[in-house]
Amino acid sequence: MSTQTATPEAPPPVQMLNVQVDGVWMQFPKGTRLIEACSQANKFVPRYCYHPKLSSPGNCRMCLVEMGMPRMTPDRQPELGPDGRPLINWIPRPQISCAQDVAEGMAVRTDSPMVQEARKGVMEFLLINHPLDCPICDQAGECRLQEFSVEYGNAKSRFLDHKVKKPKNVVLGPRVTLDDERCILCSRCVRFMKEVAHDDVLGFTERGSHNTLSCYPGKQLDSNYSLNTVDICPVGALTSTDFRFKMRVWFLQETKSFCTSCATGCNTTISARQGVVYRQTPRENNDVNEVWMCDHGRLNFHYLHSPERLTAGPIVKVLAQDEDEPTWSSAIAKAASALKTYRGEQIALIASGRNTNEELYLLSRLARTLGCTQYDIIPHIDLGDEILLSEDRNPNTAGARLLGLTGETPGANLKGIAEGVRSGKIRALLVFGEDATQAGLSEADLKKLDLLIVANLLPDATTKVADFIFPSAGFAEKRGSMINKKGRLQRLNRAIEPPGHARDDWEIVRDLILACGGGNGVHSIEDVFRQMAADTPALAGLSLSKIGDLGVPLQLS
Amino acid sequence: MIFANVDREGYTPDIECYLRHGGYEDLRKATTMEPDAIVNDVKASGLRGRGGAGFPCGVKWGFIRRGGPKPTYLICNADESEPGTFKDRYIIHQDPHQLIEGMVISSFALDVHLAYIYIRGEFPEGARILERAIAEAKEKGFLGKNILGTGFDLEIYVHRGAGAYICGEETGLIESLEGKRAYPRIKPPYFPAVLGLYQCPTIVNNVETLCHVKHIVQMGGAEYAKLGRPNNTGTRILCVSGDVQRPGYFEVEVGSLTMGEVINDLCGGLKPGRKLKAIIPGGSSAKVLRADERYKVKEKAEDGSMVDKEIGIEEIRMDFDTLAAVGSMAGSGGVIVMDDTRDMVWTLNNLNEFYAHESCGQCTPCREGSLWMRKITDRILAGGGTEQDPDTLKSVADNIAGKTICAFGEACSWPTQSFVIKFREEFASRSTKPLPLPTPPEFLADRLSEEPTKALTTGSHH
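Residue numbers (our numbering), protein chains in the order written: chain E, 1 to 557; chain X, 558 to 1019.
Don't read these hints as lab results, they were simulated from the structure. Treat the hints with caution; some may be incorrect.
[As the list claims (entries may be wrong)] List of simulated lysine to any residue pairs, SDA-like, C-alpha gap at most 20 Å: (1) X:Lys600 x X:Val715; (2) E:Lys163 x X:Glu582; (3) E:Lys53 x X:Pro991; (4) X:Lys702 x X:Pro681; (5) E:Lys340 x E:Pro307; (6) X:Lys737 x E:Tyr216; (7) E:Lys156 x X:Pro991; (8) E:Lys448 x E:Ser423; (9) E:Lys30 x X:Gly736; (10) X:Lys832 x X:Glu859; (11) X:Lys695 x X:Glu582; (12) X:Lys737 x E:Asn89; (13) E:Lys120 x X:Arg689; (14) E:Lys156 x X:Glu944; (15) E:Lys340 x E:Lys163; (16) X:Lys737 x E:Lys163; (17) E:Lys256 x E:Tyr216; (18) X:Lys586 x X:Lys744; (19) X:Lys744 x E:Glu408.
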């Protein structure tokens, strides 16, 4: 999917077709869907069932437009009007715009009386059996039914009879809850599960107005991609069991980010309010994740708000009797003076493939300052799939490799470090964002160390025996960049502040470098990136702002 | 012709009987012909589809290109389920080999080697008879490998539906045959002749249509075209039901009879003392014709010019073009006669019930509209009609027609449109109450659950 390699021969010229949109002749490349052509012409056509990444069933009938083709003379030539353009034969009944491509001479009216009447009719039909529970519906505020009601619907209902009753609160799977009465039967979820998730478990039962979305008997919607059905549901029928009834969506502040749960780096939107992340949803990036993400990554943010979270400020285990509670500067100074008592070969560093490039770059500088030559990251490997989930659960293995914190085989140095700790050759260990007991070291091994410095979010076996604990920031709480498995440099943005006294990791490392007598010139994350880019050919010419919302492909050797 | 052997004394559906009566002779003749010549004969015959739409069969066949990279399939649509229609079942029950012969000839002409008979689930006996007939035909070499020594192979399989009207819609039928829910496909792009069964070119023809092919081969297309009237050729089977003395099925030359002749000469007239009120001329989906209305048609004068003429209902000629000209359709040939004892609101409600039950629910207007129309006529019948109901009914139907994936949208809205327009006074007189106060149904749900329509109206007086 990488775009950096330019093909030597020019691509074949795209045939441009003349299409009339609301009276204006325009050109579109051959193969453009009519509904997309209308959008490109700034004539948005409302739709429910159509989704650009799925097949087009044409079932909602919301995208009906008036369509025509050139009027032909007996010898099959288009008849031309005084303006030299073809005269149009308008089809007397409205046509769906989602299932056909533009054609030469095609004409479309997106807002004629015929179209307005058709849309009004469809809107009325969709609403007669729809429950009026918008006040408690999770979709409210981002509901296409609400939006198009305002734009194309009737203010008054003519429906005097009883609405169709259907199942409510249906547990479709471990993460998705369905309200069948809200469902408008657009079949987006059915098609997604079949065409993208390759787990064809959804379908319709019953007939006519009683049609009901359900799972095949004996199956459940438990795919690792199930929550995408909630994203593409245009109404409040499919809801995330995790998110439902938690927050009105219009209060949520959205931050563009990407998922740090594996090396794919699906682009995301983090939705938060007042320091709390409520949900993570995929953001379109056709070079990475199209518009999807897996449930595992999507829901992997709750640990940010764990009650166990290290928020109370730095912890220094060995304090003199009369010493005050440490501040960040006193703790850093103490840690640095302790570190300085060891020779380089007595110090080891365990970094993380979850660290940002900026953090990893500074860590490598810290290692250099200390003369430390034994460092690596801890690989995290689990089952992947053919869709998005990578077996490399570290989001930034490529970054760690590029910045020299690990080699071709991540974790290759861990064995040597563990042996060094056990034999007593290594006296001091720095651990950033990892639990060292996952690197072949036991708690007892760690106790043998003179000095153990840890920066992390949550307490674990390593923090239990550490001498210094620096509470650090999670992926939604900081800025920085990572490189995904395809070599794409992507940017994290801060959605919420780190809780309590927790601090951005890069600042912790920068202060340690300073306190250990290393160089300076780093006042902001932009400065870190600038220095890193100057030292790293693959990042030459880049800056954090140049990464943009969609990332940039790197040329990695 | 088609019904020559139906109800014939001593005629049995086995192959021996069929052969004694000249069976499979037309297949022998066909196999000596060039396939294209058969197609041309069908074109020349002017045969129009007998399933309901009346699409010219030769034109449909003309979409098929022989020797393409994909196989071509032939499907016989035996999902006869249009209310008022009961012709195909008699062919299947009493003369199944006529159909099989028609299918073998059609397959030979279209280079088809695999054909299906999609028969509705409610015809279990018909399915058994067809299975037996297919086995007999195979044994005698009229089916299977190397048919009649020509090197032409054909297998026919019977597939039973599971009981849904929509399976008679040709693309819904194809989906069903593929093992899926019978949701009709969007056209474009899924025209069966191009992207049909398993995305291969496919011809779907009605039972009666395929039987006609056998007779076209026998007579020659030009000779066949002399039957009936120009553009309305051949014979067709009328299924007459309702308020006539002798309802039943009658094979007539297309357009040879008027509506009056059908009622009076074929069916023994109306019941004593009754007056004709309305006729649905082509199956339940066809628009109703009112008996006391005058209809404008164009007729060919002596000098060959077309002249406008105003006629009464009994003078309407039973052919495709005339019925279309008076605002209805010949459809599937199901003629439903109603006399003055019939309540038009009840009648429409009966039809609405059918369509609300049979809507597949794939696309919005038909799914929601068909049930809404039924609910309104339900309520009017129960005495809860409001002044707005006739207009609402009509406008709901208008919002369905022409906006759906398949022709079911028209099928379910045409009855409502035509009944409400033509019998406006009957609907208006039953829909006199002012609009009810907007009582939230859920507020009264428990009280209303037994008899919702009544409770709604008692709460509505003000």
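These are the hints, each one checked on the structure:
1. X:Lys600 x X:Val715: Violated - the C-alpha atoms of X:Val715 and X:Lys600 are around 27 Å apart, more than 20 Å.
2. E:Lys163 x X:Glu582: 59 Å, violated
3. E:Lys53 x X:Pro991: With Cα atoms ~49 Å apart, E:Lys53 and X:Pro991 exceed 20 Å; violated.
4. X:Lys702 x X:Pro681: Violated, because 27 Å separates the two Cα atoms, which is more than 20 Å.
5. E:Lys340 x E:Pro307: 35 Å, violated
6. X:Lys737 x E:Tyr216: Distance of about 13 Å is within 20 Å: holds.
7. E:Lys156 x X:Pro991: 17 Å, holds
8. E:Lys448 x E:Ser423: 9 Å, holds
9. E:Lys30 x X:Gly736: 34 Å, violated
10. X:Lys832 x X:Glu859: 34 Å, violated
11. X:Lys695 x X:Glu582: Distance ~16 Å between X:Lys695 and X:Glu582 Cα, so the pair holds.
12. X:Lys737 x E:Asn89: 37 Å, violated
13. E:Lys120 x X:Arg689: 53 Å, violated
14. E:Lys156 x X:Glu944: 17 Å, holds
15. E:Lys340 x E:Lys163: Cα-Cα ~76 Å, so violated.
16. X:Lys737 x E:Lys163: The given pair, whose Cα atoms are some 28 Å apart, is violated under the 20 Å limit.
17. E:Lys256 x E:Tyr216: Cα-Cα ~36 Å, so violated.
18. X:Lys586 x X:Lys744: 37 Å, violated
19. X:Lys744 x E:Glu408: 55 Å, violated
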